[in-house]
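**Student:** Work out the full structure, taking the sequences as your base and the hints as a guide.
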Amino acid sequence: MHVERIRTNAPAITLPEVKAHMRVDDDFDDAEIAALTSAATLEVEEYAGIAITSQTVRVTLHGWGEDTHLSLPIGPVADSATVTTTLDGEAFTDFTFTTGKHPAITVAELTDGLQDGVVIVEYPAGYSTTPDD
Numbered sequence: 001m002h003v004e005r006i007r008t009n010a011p012a013i014t015l016p017e018v019k020a021h022m023r024v025d026d027d028f029d030d031a032e033i034a035a036l037t038s039a040a041t042l043e044v045e046e047y048a049g050i051a052i053t054s055q056t057v058r059v060t061l062h063g064w065g066e067d068t069h070l071s072l073p074i075g076p077v078a079d080s081a082t083v084t085t086t087l088d089g090e091a092f093t094d095f096t097f098t099t100g101k102h103p104a105i106t107v108a109e110l111t112d113g114l115q116d117g118v119v120i121v122e123y124p125a126g127y128s129t130t131p132d133d
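Numbering of the sequence shown is given in the numbering used here, commencing with residue 1 and proceeding in unit increments.
I should point out that these hints are in silico values taken from the structure, not numbers from a laboratory.
Watch out, some of these pointers could steer you wrong.
What follows is a list of derived Cβ distance ranges for each label pair [stated by the list, open to error]: (1) Asp112 to Glu17: 44 to 54 angstroms; (2) Phe28 to Leu110: 19 to 29 angstroms; (3) Glu43 to His102: 20 to 30 angstroms.
By construction, the Cβ of each residue, glycine as well, lies at the ideal position given by its N, Cα and C atoms.
**Tutor:** Structure, rendered in structure tokens:
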């Protein structure tokens, strides 16, 4: 399983909020503080398997495997979210998509093409689109 995050570059927290927390009044370190904040956000997301800010997650499988249920690696996923799934480049829709903190896909049945083909699952994940959320 290969997992790719396609980020929107929206910060999880604003620079003024970080500076207020750090009790920094000067402006000469703004670039460094912003870079460290971004790095810390990425570290938390990777460690916890979450998306803090909205992003698209692309999961590539080389064959589905033996189980009809596939737990997706990054959440949360909003109830209104839609998933795009392809099997060897063709749209695949014979599945149920579970949203929430632990998203998943369950296929109706395992076929030879599904078990042997390249499956790409793409879905939106994240708690918010802006730091204010």
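**Student:** The structure should be examined with respect to each hint, and the outcome stated for every one.
**Tutor:** Against the structure, the hints come out as follows:
| no. | hint | result |
| --- | --- | --- |
| 1 | Asp112 to Glu17: 44 to 54 angstroms | holds, 53 angstroms |
| 2 | Phe28 to Leu110: 19 to 29 angstroms | violated, 59 angstroms |
| 3 | Glu43 to His102: 20 to 30 angstroms | holds, 21 angstroms |
Violated hint for the displayed structure: number 2, the only one.
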